[in-house]
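Number of protein chains: 2
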Amino acid sequence: MNIILLSGGSGKRLWPLSNDIRSKQFIKIFKNEEGVYESMLQRVYHQIKKADPEATVTIATSRAQVSAIHNQLGNSASISVEPCRRDTFPAIALATAYLADIMHAGLDEPVVVCPVDPYVEDEYFKALKKLSVQAGKSEANLVLMGIEPAYPSEKYGYIIPEDSSQTTRVSAFKEKPSAAMAEKYIKQGALWNGGVFAYKLRYVLDKAYDLTGYKSYQDLFERYGELDKISFDYAVAEKEDKIQVMRFHGKWKDLGTWNTLTEAMEEDIIGNGILNDQCSGVHIINEMDVPVLAMGLHDIVISASPEGILVSDKEQSSYIKPFVDSIEQQVMFAEKSWGNFRVLDVGNGAMIIKVSLKKGTSMNYHSHEHRDEVWIVTSGSGKAVIDGTRKDVHVGDVITMGAGCPHTIIAETELTLVEVQIGKEISVQDKRKFKIDMDAF
Amino acid sequence: MNIILLSGGSGKRLWPLSNDIRSKQFIKIFKNEEGVYESMLQRVYHQIKKADPEATVTIATSRAQVSAIHNQLGNSASISVEPCRRDTFPAIALATAYLADIMHAGLDEPVVVCPVDPYVEDEYFKALKKLSVQAGKSEANLVLMGIEPAYPSEKYGYIIPEDSSQTTRVSAFKEKPSAAMAEKYIKQGALWNGGVFAYKLRYVLDKAYDLTGYKSYQDLFERYGELDKISFDYAVAEKEDKIQVMRFHGKWKDLGTWNTLTEAMEEDIIGNGILNDQCSGVHIINEMDVPVLAMGLHDIVISASPEGILVSDKEQSSYIKPFVDSIEQQVMFAEKSWGNFRVLDVGNGAMIIKVSLKKGTSMNYHSHEHRDEVWIVTSGSGKAVIDGTRKDVHVGDVITMGAGCPHTIIAETELTLVEVQIGKEISVQDKRKFKIDMDAF
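Chains as they are written, first to last, in this note's numbering: chain P, 1073 to 1513; chain H, 1073 to 1513.
Read the hints as simulated data drawn from the structure, not as lab findings. A couple of the hints might just be wrong.
What the hints assert, rightly or not - Okay, the calculated bits of chain H under chain P, using three or more residues with CB under 8 Å as the criterion:
| no. | region |
| --- | --- |
| 1 | 1203 to 1213 |
| 2 | 1357 to 1371 |
| 3 | 1374 to 1388 |
| 4 | 1448 to 1455 |
To be verified - Which chain P residues face chain H? A few, computed with CB under 10 Å, are given here:
| no. | residue |
| --- | --- |
| 5 | VAL1396 |
| 6 | LEU1416 |
| 7 | ASP1417 |
| 8 | VAL1418 |
| 9 | VAL1446 |
In this text, a Cβ means the ideal position worked out from N, Cα and C, and glycines have one as well.
Chain P on its own, in the form it takes in the complex (with noise of 0.2 Å):
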């Protein structure tokens, strides 16, 4: 099975742990059957592995979450990075054909295409499989998932099949409607469009050469940003007459705030926290290293992580995102393909961040024009390039470096360092990368 996750948001509902660039399918909180925490990206990953071990994942996303994914997944799924953000059509566009010039997929292998953050069991994937192999066999261009609904939601689109049947002809596709209309619908048959469908790879292409004048994978890639913001709902799927809808009657939740979100989690704490015997229905997810302590509360959820402190009665949580769109702040956490880094203290000409290198990993080579910085390795020992010099390091090893002077670190060892930045316009632009070869150092 060839799929394609479809990784995008800006994650301000799910505040202070999710942030501008980690949105959030990243967010640590499903423990899996070895008592680890993982990531809706990662369970959905284990899960599509699980059901098909030859399964090839591409995910579909911005640059911005690149480093997030390689830290979570490391190189085991391939990432078709958009250059910018347009709508579904270009993104799908754009995965496609690079499973047909990257990944040499054939024209005719069948592609899954869903969303990276729904919250659902195994049967789900073996039902994509079916999914796959309906789109490979099938006279249809495009074949749809339809989720029997559970509820007359207005959060989503819905599909009206021919018949009851558990392959059918699309009869028509409905808006997300008000509850009354929803109610209606779901009596006429109606099933919630979860976006997530099937289609023979060159279906896709044609689509893009109609749409776009695509030629190559990487003609669309430097094309990108002048492509149309258009969805591929609207550009492709309401516009096909041979599309066909298959049932899917299972779990399936989109855990989009923090109401849904501590409905599935399993425990009532997660990271530092203590409730005493008066709370009933809160949950905690601390980030924090420092305890939190709540007393007496009901049907409330706490939130904390480097970014800010959320508490939040469950059903206003909702409500949370003009409020996280009125906090103006720097992103204080991030992980990278290295590791990750934590904003320590910000302000007065200084900022203060600890990172953290995984075994074996380096960052970039780079140098910044405004600021000068200074390491003091905590934990670990590695390689410092500081100007094209090599030097060995380790713990309490400190390391200057003055605006202009490129410099990297290759962590030998898993390697903490704290980093100091000083300069009066410290920003994250401020940054130039250089061409090394690590391999001689």
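Starting from the known structure of chain P, fit chain H onto it as the hints suggest.
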């Protein structure tokens, strides 16, 4: 007026703003007339000076609080330092001896003793002045303040006066009663015992001689650890026949819990916080740089500091102590005479601390046996003295100090630095202080 302020308390009840070394009286939550937040200590000190500009204020406290008092009051109050914790009688005896021997107060001068943390209006301090005058002229050895009860509290002891006149003899003391019993006392005209009283200096020195064999302040100070733990009420007041009580009718609050403390706050939010319009009765006290967002909450207090995060129903907050006792954690911030420090990160053989010095101050000249340290100056300028050698330091300078190397810094302007401690055994106990003539550098 000579006034002794008793400053005690471990401060667990106002966690996370109080900790093992910052008691509740040091928390800055009261906005003064200039709009600046001040602590209970600062508020009470300024109220005393307003009521009596000539007042000499002596704070009886433990060694642990000396730095914080200097930080908040400079050198404007005298400090009688208790070498270890005994009960109120030894503390009051020592402070009285301090007044006699160090401050050279006369033996017939009246002394007023009161706790450092009552939340009261200015009239209270006018009443203290009257108490002082009464103790100076009265035949009684001890004049207590009796506070007219606002409700039948179980939290206070009661004083039964002989009659209802403004100043009268004490007929009996009553221990903290049940609410029903308290109601009965109040019907008999009982007054709250707020631990406020006045005496002639000689009186307590005589008692100290009787009970401890007191010779001088120095003698009492040196033998302090051998003294019995005994309260002033038990050792003196309850045995005294020549004892009067003066009624006080005015606002008097003991802000010992989050519930009572937030009642005294003028604003809903101190620090970086947002309340949505579905909140009522919510208070945020946030000492962190990052925002607290509260949504849909009622009658809840949220407090965040480098020690941790509390979210509590206001009534429940009075049961906080056992939970805080269960939290094992080092002190994460402290006010020192020279400024303050805050632990930014701890663990894995390293500790990262942000140190802020006030202009013109300096730390002790000291060394550590089991850890190396690195300083990076992030703002301001000054002089470092490292192993006897002076070095001018400016923003961006890095100073490394191996284990055993004595060091200090003298802040010529306001100065901040990052201190990185590296060692297998990092402990506040690992500190050796050296004498140094700062003027020589």
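Enumerate the violated hints, using their earlier numbering and listing them in ascending order.
Structure breaks hint 1 only.
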